Amino acid sequence: MTRLEDDFVVLDRAHDDAHGPARGADDVFDGATASVAARRRRARMLSAAGLVLVALAGGVALTSGGDGDDETQVDVGAASEGDGGDTDGAGPSDPQPTTTRAPTTVPAGEATRGQLVDVRISAQGGADQVVFQLVEGSDELVAAATVTPTAAPPTGECDPATVELDGAGFLAVRLPADTTADPEGVPPALAGPLAYDESRQITAVEITCAFEGVAVAAIGLVQPDAPFAVQRLSNPPRLLVEVYPR
Amino acid sequence: MPADQHRLDPPGTPRRSRGEDELDRARFAALYPELRRFASATAELDQDPDDLIQEALTQVLRRGGLARLDEPVAYLKRTIVHLAANDRRRLGRRRRALAQVQAPLSAEPTYPSDVADLLALEPADRAVLWLVEVERLSAEQVAEVLECSPEAARTRATRARRRLRRALDEEEARS
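Residue numbers (this note's numbering), protein chains in the order written: chain E, 199 to 444; chain H, 21 to 195.
Keep in mind that the hints were calculated from the coordinates and are not lab data.
Check each hint, because a few of them may be wrong.
[Stated by the list, open to error] With the Cβ distance kept under 8 Å, some of the chain E side facing chain H (calculated, not the full set): (1) Thr200; (2) Glu203; (3) Phe206; (4) Leu209.
[Claimed, not checked] Incomplete in silico selection of chain H near chain E, CB under 7 Å: (5) Leu43; (6) Tyr52; (7) Pro69; (8) Asp70; (9) Gln74; (10) Leu77; (11) Thr78; (12) Arg82; (13) Glu153; (14) Val154; (15) Leu157; (16) Ser158.
[Said to hold, decoys possible] The following residues of chain H were derived to be distant from chain E, with all beta-carbon distances above 12 Å: (17) Asp71; (18) Arg174; (19) Thr178; (20) Arg186; (21) Ala193; (22) Arg194.
These numbers were taken from a predicted model, which means no experiment stands behind them.
Even for Gly, the Cβ is constructed at its ideal location relative to N, Cα and C.
With the hints as extra help, turn the sequences into a complete structure.
Listed below in structure tokens is the structure:
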């Protein structure tokens, strides 16, 4: 046995000392299945609570339709102040933009296919931020992104049409981009709900579909009618979605 | 949807039958010893390797189970590395915050300094060393686990070895 192998054996024992012996395959499998069931229950409860809250508030989310993946694009002329390509290069710490609850499109540009390479969550000045980063050289693609409030997590063209994600409401983000090539559709770094400990306005983000050059992500909201703002950033090309408290 | 399209099976669906669960349980039981050793090599000391495996398996089960993966071991290992790295960043923030409000801990580590040097590496670096030096995987096989090119896997292994050797040399020079 090499010195390095020996060190790994010692490391394994150190883990046993710290956490107890290995739990065994059955215990871990049972834990995973219980976790899946618990997340299903939580998602159902939050979804039901969100619908009630939206109904009470008379919010717009219910109008966006059933599974939250309505293909109808509402006129985005009343979109957030982000009418501008002049937000290029603006940083997350820039002055707070005017927010909206209307479906929002970043101003037009030439749209071809791109590749989504990273998704990050952060918090800044009371707002939660989600950054979708595209591969270098595809700045114009961000311009074709849309962000739409929905009552349920969006799933785009993928089957099945429902996903479970925590949230009282959701934002559907559509990007003209594939994810990186991977048999399961998205690399593990982008798979599964992404969460951030310091988030206050969003529950999680998940890429729910990547099909025919369109990636769809669901942003779970703590407040079903939380206002949001969208900015287009460059170098590297990014779409910034900021969610503010009501 | 054509099979050759990039596709993400949304989590939580489809519902699985009891038979599928039992098949996955048997498949997982066969994989577990290897995954446990790998997770133990990759995890930080304050991360329970079984927790990493369980979370990785949870993600797989939410997407339909092990049968849907061509290379379940590689996929699970890759997910374990990502989870360990994410936890390391999160735990790092907490440690830094705690360090500002607590007196420094004076206790000596209860494990040899070699292991401390090993733990100083990034989870992905420890994973590479484990895969190359212990499991004796080829660069192509390591690349599959880490989702990178074989050349990048070779480079990462070389750098990880160099970092560890440097740390060990410094340790020996001090003693």
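_Numbers of the earlier hints that this structure fails to satisfy, in rising order_ = 5, 15, 16 and 17
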